[in-house]
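A.B. asks: Note that the protein sequences, when read in sequence, are chains D and P.
Numbering-wise, the first sequence is residues 136 to 551 according to my numbering.
Numbering-wise, the second sequence is residues 136 to 551 according to my numbering.
It is worth saying that the hints were derived from the structure and are not from the lab.
Please note that the accuracy of each hint is not assured.
The list makes no distinction among identical chains, and a pair is therefore deemed to hold if it is satisfied within one copy or across any two copies.
Said to hold, decoys possible - Calculated cross-link-like contacts (lysine-lysine; reagent style DSSO-like; alpha-carbon spacing at most 30 Å):
#1 Lys413 x Lys161
#2 Lys360 x Lys327
#3 Lys360 x Lys469
#4 Lys194 x Lys427
#5 Lys402 x Lys212
#6 Lys245 x Lys374
#7 Lys469 x Lys194
#8 Lys192 x Lys360
#9 Lys161 x Lys469
#10 Lys469 x Lys245
#11 Lys413 x Lys469
Protein chains: 2
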Amino acid sequence: MREEIYQIGANAKEASIQLATVATDKKNAALALIANLIEDKADLIKTENAKDLAAGKGKGLTSALMDRLTLNDQRIKGMADGLRELVALTDPTGEVISMHRRPNGLEIGKMRVPLGVVGIIYEARPNVTVDAAGLCLKSGNAVILRGGSEAIFSNLCLAGLLQEGLLASGLPQNAIQVISTTDREAVQIMLKMDNYIDIIVPRGGHGLIRTVVENSTIPVVKHDKGVCHTYVHADAEMKMALEIAFNAKVQRPGVCNAMETLLVNSKIAPEFLPQIAKRYAESGVELRGCSKTCALINDAKAATEDDWYEEYLELVLAIRVVDSLDEAIAHIAKYGSHHSDAIITSDYNASRRFLHEVDSAAVYVNASTRFTDGAEFGLGAEIGISTQKLHARGPMGLEDLTSAKFIIMGNGQIRE
Amino acid sequence: MREEIYQIGANAKEASIQLATVATDKKNAALALIANLIEDKADLIKTENAKDLAAGKGKGLTSALMDRLTLNDQRIKGMADGLRELVALTDPTGEVISMHRRPNGLEIGKMRVPLGVVGIIYEARPNVTVDAAGLCLKSGNAVILRGGSEAIFSNLCLAGLLQEGLLASGLPQNAIQVISTTDREAVQIMLKMDNYIDIIVPRGGHGLIRTVVENSTIPVVKHDKGVCHTYVHADAEMKMALEIAFNAKVQRPGVCNAMETLLVNSKIAPEFLPQIAKRYAESGVELRGCSKTCALINDAKAATEDDWYEEYLELVLAIRVVDSLDEAIAHIAKYGSHHSDAIITSDYNASRRFLHEVDSAAVYVNASTRFTDGAEFGLGAEIGISTQKLHARGPMGLEDLTSAKFIIMGNGQIRE
Numbered sequence: 136m137r138e139e140i141y142q143i144g145a146n147a148k149e150a151s152i153q154l155a156t157v158a159t160d161k162k163n164a165a166l167a168l169i170a171n172l173i174e175d176k177a178d179l180i181k182t183e184n185a186k187d188l189a190a191g192k193g194k195g196l197t198s199a200l201m202d203r204l205t206l207n208d209q210r211i212k213g214m215a216d217g218l219r220e221l222v223a224l225t226d227p228t229g230e231v232i233s234m235h236r237r238p239n240g241l242e243i244g245k246m247r248v249p250l251g252v253v254g255i256i257y258e259a260r261p262n263v264t265v266d267a268a269g270l271c272l273k274s275g276n277a278v279i280l281r282g283g284s285e286a287i288f289s290n291l292c293l294a295g296l297l298q299e300g301l302l303a304s305g306l307p308q309n310a311i312q313v314i315s316t317t318d319r320e321a322v323q324i325m326l327k328m329d330n331y332i333d334i335i336v337p338r339g340g341h342g343l344i345r346t347v348v349e350n351s352t353i354p355v356v357k358h359d360k361g362v363c364h365t366y367v368h369a370d371a372e373m374k375m376a377l378e379i380a381f382n383a384k385v386q387r388p389g390v391c392n393a394m395e396t397l398l399v400n401s402k403i404a405p406e407f408l409p410q411i412a413k414r415y416a417e418s419g420v421e422l423r424g425c426s427k428t429c430a431l432i433n434d435a436k437a438a439t440e441d442d443w444y445e446e447y448l449e450l451v452l453a454i455r456v457v458d459s460l461d462e463a464i465a466h467i468a469k470y471g472s473h474h475s476d477a478i479i480t481s482d483y484n485a486s487r488r489f490l491h492e493v494d495s496a497a498v499y500v501n502a503s504t505r506f507t508d509g510a511e512f513g514l515g516a517e518i519g520i521s522t523q524k525l526h527a528r529g530p531m532g533l534e535d536l537t538s539a540k541f542i543i544m545g546n547g548q549i550r551e
Numbered sequence: 136m137r138e139e140i141y142q143i144g145a146n147a148k149e150a151s152i153q154l155a156t157v158a159t160d161k162k163n164a165a166l167a168l169i170a171n172l173i174e175d176k177a178d179l180i181k182t183e184n185a186k187d188l189a190a191g192k193g194k195g196l197t198s199a200l201m202d203r204l205t206l207n208d209q210r211i212k213g214m215a216d217g218l219r220e221l222v223a224l225t226d227p228t229g230e231v232i233s234m235h236r237r238p239n240g241l242e243i244g245k246m247r248v249p250l251g252v253v254g255i256i257y258e259a260r261p262n263v264t265v266d267a268a269g270l271c272l273k274s275g276n277a278v279i280l281r282g283g284s285e286a287i288f289s290n291l292c293l294a295g296l297l298q299e300g301l302l303a304s305g306l307p308q309n310a311i312q313v314i315s316t317t318d319r320e321a322v323q324i325m326l327k328m329d330n331y332i333d334i335i336v337p338r339g340g341h342g343l344i345r346t347v348v349e350n351s352t353i354p355v356v357k358h359d360k361g362v363c364h365t366y367v368h369a370d371a372e373m374k375m376a377l378e379i380a381f382n383a384k385v386q387r388p389g390v391c392n393a394m395e396t397l398l399v400n401s402k403i404a405p406e407f408l409p410q411i412a413k414r415y416a417e418s419g420v421e422l423r424g425c426s427k428t429c430a431l432i433n434d435a436k437a438a439t440e441d442d443w444y445e446e447y448l449e450l451v452l453a454i455r456v457v458d459s460l461d462e463a464i465a466h467i468a469k470y471g472s473h474h475s476d477a478i479i480t481s482d483y484n485a486s487r488r489f490l491h492e493v494d495s496a497a498v499y500v501n502a503s504t505r506f507t508d509g510a511e512f513g514l515g516a517e518i519g520i521s522t523q524k525l526h527a528r529g530p531m532g533l534e535d536l537t538s539a540k541f542i543i544m545g546n547g548q549i550r551e
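Chain D on its own, in the form it takes in the complex (with noise of 0.2 Å):
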């Protein structure tokens, strides 16, 4: 098995040298090439996925596992869309982000290129396969895909066709592989190739994360969990407060950038949370409160050491009252995931303090953290939100797929 992998690395490596210098114009055909070819053989591919679902439901697979595993109709031409969004995106590769000369007549720029290799490792979702893929391929990276044993028979059946879509644009087939086994090992394996590897993309639990970041010799971007706050301050104004309150819970509380703590200014909670109480009680958020919170909210439990530190990722909320801005800022610092995190205020000097002095991801004035997302920033499809702060923060774009070289042009230049 390790020759296998090892070959891969290989070829990977050879690829994306191949495509690192392709045309946008070729690149943008093979993905709506494949795109056309996805929505083609959707019939192959439920086929193959039928496969998968039969396996987890012997394996008494979760409702929630299943339902992520599922390609339908619907979710197949979701990944043909996606790729043909793809299309329209600006491909950052080739860029020249500065140039300047030099007093000895040297001209001193930095150009974006591909990174190489990407290696992506990944749950049980199929159609990652297809988004992570894309992304890739259109920033100029080759791409060696890792998924979930649960969907191998999906995968390989779309890596087949993902394949297929690169040899008929005469592209190198190799920019796209998917690892055949499912044996625990390759991943060991994988996390080792440093010299096919450029960076490593783990996309999954905590769990996984933590494996990742302590077997790979590989630069590592983890997407680890959000622990998303929301603070009220004093001055907040009382819709607009409970308007985003509500929505950065309420609204999908399964994601990552949906909050977790809600950090009330001791001056607006009594105000303030017996009516957001409210409007939580009627969509059945339970809530957990420090003890000025319980005296407030009649129906909120008392919240343990633990519990400023969890990510629910469900219709369950951490709530403190906090005496000022400085105890606010120091609550995120403490139990914070340096993911996404929001102020609600009227006042200047709060909300640029809020901005300069919390040191997460994203950082919020008057919105929802909802909006952590690639999409929605305006980046076009993501690879993943990165949680670290080396290379990249937040959501990462193709951009984020790239770094920049020094690129030097003189006329005869020596050094003295």
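Fit chain P to the supplied structure of chain D, relying on the hints for placement.
C.D. replies: Relative to chain D, chain P alone:
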């Protein structure tokens, strides 16, 4: 010891939060104050350095290592002046590098912020202690320094002065910490503290880099070897090609941006190689060539396959005759280390292809690779030269010690 190292990590994290929002003026005042302090305490520094030198002599360190370890008045002044030069550089933190308005009225921008805590692992060069601490301070990062055990007295003395300067400037003294134990286990502990440290920068030989890459759970920006090429194309201006090929090898052979392999187009080789060989011979450069090279240069030894991968760092040069630009680019892709590579040409298409197709941190047309350096590129001082693709490529200045967070300003936007 584990507890002690973890405490250093926790202290650094806390200091980094305070330091992140300190005004540039205050950081500049601290840099200037520390510079003066280092010059004032030159005698103390030399006394402590003498202990390291005595121990090094006892251990039989090579003269090169003893030289790197030595702090004399000139080098002490050099460290102080380095800090003063940082005062004049632009502070990258807080810079808003983009801002756009979305259709729903959200204004979304990106703001540069410090990475947080930087861990630097380096060999027995005490000046790195001051240089790296200064760069981190200017860019608002806390730093944990782990230098080579041979420099421990010098490093602890310098750390004391750095912390004294921080305190006197009203800045958190834990913003700069040196690990005081010389136990190797300390590095292993440090490399796993991903909850406290945001980036690890190893500065040293290939062995150190591999140890760090293989053991770190923290993102690493590595400065690995430089196997740099100069390719003399068929139509190169003869005088320019001779000057650049000579400069790139001979001006300072022991550094990473010096040329290790010279590639020469077969059309120009019969005229070019004998001339450059004469100049190299005058400077005592040993030549190892392919068979075509050996046919043109009497003194050249036959190169082995290993020579093409070699970073000599001395007056030895590998030379290969190639038949085309394609062959040159393929050689660089196969044997190079993606550091710095140059073409000498008068041809528009060849220059353009080389700039686009060579995947190195610094790609040159008609200039010596010796310019790959923060100061020469106009970045000011550098924390290292990255040979990886994530986050930064090539010389890393102050900007590369930051990353950009999203800032989002709304007036009540919620997600539908």
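A.B. asks: If the cut is 30 Å between Cα atoms, do Lys194 and Lys427 qualify within a copy, between copies, both or neither?
C.D. replies: Neither. Shortest intra-copy (46 Å) and inter-copy (65 Å) distances fail the 30 Å Cα cut-off.
A.B. asks: Taking 30 Å as the upper bound on the Cα-Cα distance, should Lys413 and Lys161 be classified as within, between, both, or neither?
C.D. replies: Neither, since 56 Å and 48 Å both go past 30 Å.
A.B. asks: Which holds for Lys469 with Lys245 at a C-alpha limit of 30 Å: within a copy, between copies, both or neither?
C.D. replies: For Lys469 and Lys245, the Cα distance is within 30 Å only across copies (23 Å; inside one copy 37 Å).
A.B. asks: Check Lys469 against Lys194 for me: Cα-Cα at most 30 Å, and say if that holds within a copy, between copies, both or neither.
C.D. replies: neither (40 Å within a copy, 46 Å between copies)
A.B. asks: Within a copy, between copies, both or neither: where do Lys360 and Lys327 come within 30 Å Cα-Cα?
C.D. replies: So Lys360 and Lys327 pass the 30 Å test inside a copy (25 Å) and across (19 Å) alike.
A.B. asks: Checking Lys360 and Lys469: alpha-carbon separation at most 30 Å within a copy, between copies, both or neither?
C.D. replies: within (15 Å within a copy, 39 Å between copies)
A.B. asks: Which holds for Lys245 with Lys374 at a C-alpha limit of 30 Å: within a copy, between copies, both or neither?
C.D. replies: between (47 Å within a copy, 28 Å between copies)
A.B. asks: How do Lys402 and Lys212 come out at 30 Å by Cα distance, when the copy is not named: within, between, both, or neither?
C.D. replies: neither (51 Å within a copy, 56 Å between copies)
A.B. asks: Given a CA cutoff of 30 Å, do Lys192 and Lys360 count as a within-copy pair, a between-copy pair, both, or neither?
C.D. replies: within (28 Å within a copy, 52 Å between copies)
A.B. asks: For the identical chains here, do Lys413 and Lys469 meet the 30 Å Cα criterion within one copy, between copies, both, or neither?
C.D. replies: within (29 Å within a copy, 66 Å between copies)
A.B. asks: Up to 30 Å between alpha-carbons, please classify Lys161 paired with Lys469: within, between, both or neither.
C.D. replies: Cα proximity of Lys161 and Lys469: across copies only (26 Å, versus 48 Å in one copy).
Of the hints listed earlier, those the structure fails to meet are numbers 1, 4, 5, 7, in rising order.
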